[in-house]
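A.B. asks: Residues per chain, in single letters:
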Amino acid sequence: MNKFYITPFLLLVIGLLFGLQLNAQNVVESYGARAAALGNSATCHSDAFSTFSNQAGLADVEEMSVGVFGENRFLIPDLNSFAFGFALPTKSGTFGVAANYYGIETYNTLRATLGYGRTLFEEKMNIGAGFDFVNVNVPEYGSKAIITFGVGVQFKISDFMIAGHVFNPIQSKTTENEKDVLSSTLKLGISYVPSQTVGIYLEGVKTFNYPASFNGGVEYNVLKKLELRVGFATLPSRIVDGRYGTDVANLTVGAGIILDPIRIDIANKFHPVLGHSPSVSISYSGKKKTNPPVPTDIID
Amino acid sequence: MKKNYNNNIKGFCQCICIVAITFLVNGLSIYGQRLNQNELKEIQDIFEFMAEEDEEIANNDTYFEKLVDLYDDKVNINKASYDDFIPLRDALILSEKELSSLLNYREEVGKIINKYELQAIPNWDLNTIKRALPFLDVKGEIADFNVTTGQLLFGGKHDLFVRYSRVLSEQQGYQLKDTLPDGSGGKSNYLGSPNKLYMRYRYKYGRKISYGITAEKDAGEEFFKGTQRQGFDYYSGHLFIRDVGRFKGIALGDYRIKIGQGLTCWTDVSNGKSPSIETIKRQSDVLEPYTSVNEYLFFRGAAATLRLNQKMELTGFASFKNVDNTVDRDTIDELNLEIIRIGSIQETGNHRTESEFDNKGQNTQFNAGGDLKWENQKFKLSFSGLYTRFDKEIGDNNVRFLAPYNLYRFSGNQLLNLTVNYKYSKGNINFFGETSYSDNLGSQSGLATLNGAIISMHPKVDFSILHRYFQPEYQSLFSDPFMESSTATNEQGLFFGLQIKPHKMWTVQAYSDYYTHQWIRYRVDAPTNGHEHLIQLTFKPSRTFAIYGRFDTKTEGNNLSSDTEKELELDNEIDIVTNQRRNRWRLDLRLTLEKTLTFKTRLQTSSFENGLSPKKRGYMLYQDISYSPLSFPLSFDLRYALFDIDAFEARIYAYEKDVLYAFSIPSFNNRGRRFYLNLRYKLNGNITLWARYARTTYDNLDEISTGNERILDNKRTDVKAQIRVSF
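Chains as they are written, first to last, in my numbering: chain D, 570 to 869; chain S, 67 to 793.
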C-alpha cells in the first residue's frame, strides 16, 4: 500500500472516530450485545453493563453478574471495542464496575466506571450514580485523563418504565482550548415490558453540541432459550450550508441464547453507507431466586 | 356486612358493564337493520376507519364494494369453515389472530349463541366486534341456498349507478384554438366535452353469481361522435359464477388475478405501509370479478378455479386485450423507409386529444397463466406462472429505452414469470412470502423475493417484520407487492411494525422501514438509500370521542427538484442527489353527538429539507361536519380547510368523503382554502341521489395547473351528481 492510499484510509478512520462515533456520544457506547441489538437503548435495562448505561438499573440486578463484550465496527480490523461489566448486589444496594477500551495504538480511549444503584419507595423507583475515569490517548499528541460522573433514575409504572440518565453534566474540558470538551449526554428512555417474553424500548439521546438521536428496539422470547431482537438508532447530522446531509439510521438485529447461568448475545448494526458492525457478549449471572410455581390448574 | 357491601358494588359494576355492552352492541345492530341507507353508513364508517389507517384504500373504488358484498352475504359464525372466513380476513375485517381465536373458541366452547358472546372470544375487543358484526350472521337465519336457475339469474339484486362530474372552471384544453395565437380554426386540444360520465350496472345473487357492465367517458373524451362512435370510451363487462360442480369460480369477460404476495401479479389496489399490522400481508382468492374503471389493470377473457380435492385448487386463465401504446412513425423518403418507434404502454386510459387517441389500442397483450394451490388451516403453498406476449415490441427503436435508468426496464414482446408463495402459521407466528423469477426469453432474467412474519407477541403487543429483495433485473408487468418504489424492481428493504394496546383506551402504533436501491431510478441519478418511521398514539375513551397524534418522517436520496436548482441558481448539467427529509405531524380529533352529528378536526403540518436550500413548511387545518339522521332521508358532509404550504415537496394529503363509491385523497400545495359539500337524498327504498360541490381557492396563484388542464383563475370548482337505482 503506497502513501497515496494510506492517506484517505487514515482520513476515513479519523472521520469515523470523530465524525460518526463521537457524533452520537462522546464516549464509546458499550452496553453489551443485547443493548446493541436494540439500537443501544439501554437506559431502562438492568444487567452487568448498567454501570455504563444507567447506574439506576443496577438496583434491579438480583444476583452477582458479570459480562464481557466485544464489537468490531464496519468490519475494519482496527476499529474494535472491548468492555466488561460486573455487578454485585448487597443488602444496601448494588455495586458495579465496568471498563471499556476502544481504538488502536495510535488512538485509543479507556473508560472505567464505578457505579452504585439502589431501589426506593417499595421498588417503584431506582436511583444510581457512577464515577467515571475517561482517558484519551493519541501518542503523537499525548494523553488526557478526565474524572467525571453520571447519575440516573428509573421509575416503574405498571408495565412501563421511564428512565433518565445524565453523563458528565460538568462538560469537562479535554484540552486547554475552551471548545474541546467532553460533551454532556442526556438520555430519556421508556420501556414497555408486559411479560417476560416481550420488551419494547425507546429512547432519546441528546449529546450537547450534536443533534438529538432516537433509539429503540423490540425483543421477543421466541423459544425458551432464544430471544430475537430488532432495533434502530438514528444518527442525524446537522445539515450545514454547502454540505450534503448525511442523515442515516442504523438498523440493528440480534439474538440471545440463554444457557443458564450463562447467556450469549450477538448483534449486528447495519449502517447503510459504512456497513456491518457485529458484536458479541457473554454474561454470567448467579442463580435467580425462583418463585414457587403458581398452581394455574386450581385457578381454572 | 362489609363483604356483602363489596359484593354489591361488584355486582352493580358488572351490571353496568353488561348494560353498557348490551346497549353498545344492540345500538350497533339496530342501527344496522333500520334502513338501507344506514347500513351503507355503517359500512362507510368501517371503510373510513380503514381508509384512515391506510390511505391507499381510499383510492380503491372496489374495496368499498367488497365491503358491501360481504355485508350482503354475511358469514354464518357457527357454520362457516376457515375458508368461508377468508374473504373477511382478506378485507382486513378480521385479523389472522382474531380469526384463529374465533375458530379455537368455537372448537372448545361450541356454538356461539348470540352476539354478546363475541365478547368472550380471546383477542376480540369491542373494536373487533364493531368492525366484524355487520358482516357476521350470528343468529343463523340465512338459509342455505337451493334456488332455481331463473331465480339465480334474475331474482337477486340489481344495482345501477350513473355518475356525472365536471370541472366547472374553464380549462385551457377545451378552449377553441382560434382564440389562441396558434389558432387553426375552431378546434380545441381536447376533442370532447369536460363532462365525465360513469355508468355501472351490476347484478348479484349473494356471492353465487355476479354479472354487470361498466362504462366510462373521461373528461375531454368525445361521446357518440368523432373518435368515439361507440359511445363511451371504455366498456367493461363481467360474468362470475361461484361453486358450480367442482368449479370454485368461473369468470368470463373481465376479471382480476391476485397471486401470493403480489410479486408477480396483483391486478388490484393494495396496501402499502400503514400503522396497522396486518396490512403488510397480501391475501386474496386468486380469481375475482372485475368491476372497476382502471383501463389497464385487468384481464379480459376467461378463467376458472377448479377444486381438485379438499386441499388443492387449480386456477387457469387466458386473456387477450388491446392496450394503449405510444407509436411514432418517421419516413425517410429517399430510402422509402418507414421507421416505427414503439414507446411505453400507456395506463391512464385517457383519450382526450388526437395524440392520446392515436395511441389507443396500438398494441395487443396476451396473457395466460395458472396457479396450483395446496392449503390447509396452517399451511399454504402455491406455484404459479404468468406468460405475457405483446404484438409489437415494446421499446423498439426508442431512444428513451436506452437511458441508463431504463437499463433493466422491460422491453421486447414477451415475459415469463414463475413464482412460488407460501403461508405458514406456527403458534402465534404467521409466516408468509413469495419468490418470483422473471425471464424475458431473451437477454434478461431476474429474481425477487419477499418474506415476512406477523407475530402476536403478547395479547397487548403485535409485531410485524418484512424483508424484500428485488433484483434490478427482475421484471414484472402486473406486480404490486409491499414495497417503497412504484414497481417491484431494484429494491432491498426491511420493514418492521409494532402495535401496542397497553390499556383499552390507548393504542400505540409504529413502524420503521429501511431500504436501498442498487441502481439509479427515474429522476434519481445515483444508487440511494432511505428510511421511514411513523409513530401514532390514539386515545379513544368512548365510542363517540377519539383523538390521535401521528408523526411520520422519511429520509431518502433524490435529485434536487428543478425549483430548488432555480432557487439556488445552480446551472448544473448533472443533477445533484442529496438526502432529503420530509416530516409530517398530524393531530386528529373526532366527536360524535347523538349518533347523527360528527365533528372532525385535523391539524397537519409538514416540513421538507434537501440539505441545500432553506427548510420548506406546510400547514393545513380542516373542520368536517357530517350529519346523517336516522329517520330523515337527507344527509350531508361538509369540510372547510385552510392550507399554507411552501413547496410541492412539503405537500399535504387529505382524505375526502365523496359520493358513494367515489373516493379521493387530493394533495395540497400553495396557499388557500378548500370547501366541499356532499348531499345525499334517499328518494325511496330503491333510489338514492347524491350531489357534490367542491371548490379550492388559492391566495397566491393567478392560474392553476399547466398545459391542457390550466385554469386562468385562482379558483377551481368541481361538481358531481350521482343516482343509484337498486331493486
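Derived from the structure by calculation, the hints contain no laboratory data.
Keep in mind that a hint or two might mislead.
To be verified - Some chain S residues near chain D, calculated using beta-carbon distances under 8 angstroms:
hint, residue
1, M523
2, H524
3, K526
4, F562
5, L564
6, I566
7, Y580
8, N595
9, H597
The C-beta atom is built at its ideal place from N, Cα and C for all residues, glycine as well.
A.B. asks: Now tell me if each hint is right for this structure.
C.D. replies: Hints, verified against the model:
A cut of 8 angstroms between beta carbons decides the hint on M523 (chain S): the least distance to chain D is about 4 angstroms, and the hint holds. Checking H524 (chain S) against chain D: minimum C-beta separation of about 5 angstroms stays under 8 angstroms; hint holds. Taken as an interface hint, K526 (chain S) checks out: its beta carbon lies about 5 angstroms from the nearest beta carbon of chain D, inside 8 angstroms. Residue-level restraint check for F562 (chain S) holds (minimum Cβ-Cβ distance to chain D is 6 angstroms; threshold 8 angstroms).
For L564 (chain S), the interface hint holds, since its Cβ comes within 8 angstroms of a Cβ in chain D; the closest pair sits about 6 angstroms apart. With its C-beta approaching chain D no nearer than about 6 angstroms, I566 (chain S) sits inside the 8 angstroms limit, and its interface hint holds. Checking Y580 (chain S) against chain D by beta carbon gives a least distance of about 5 angstroms; that is within 8 angstroms, so the hint holds. Restraint check, N595 (chain S) versus chain D: the minimum CB separation of about 4 angstroms is within 8 angstroms; hint holds.
Checking H597 (chain S) against chain D by beta carbon gives a least distance of about 5 angstroms; that is within 8 angstroms, so the hint holds.
Checked against the numbered hints listed earlier, the structure breaks none of them; every hint is satisfied.
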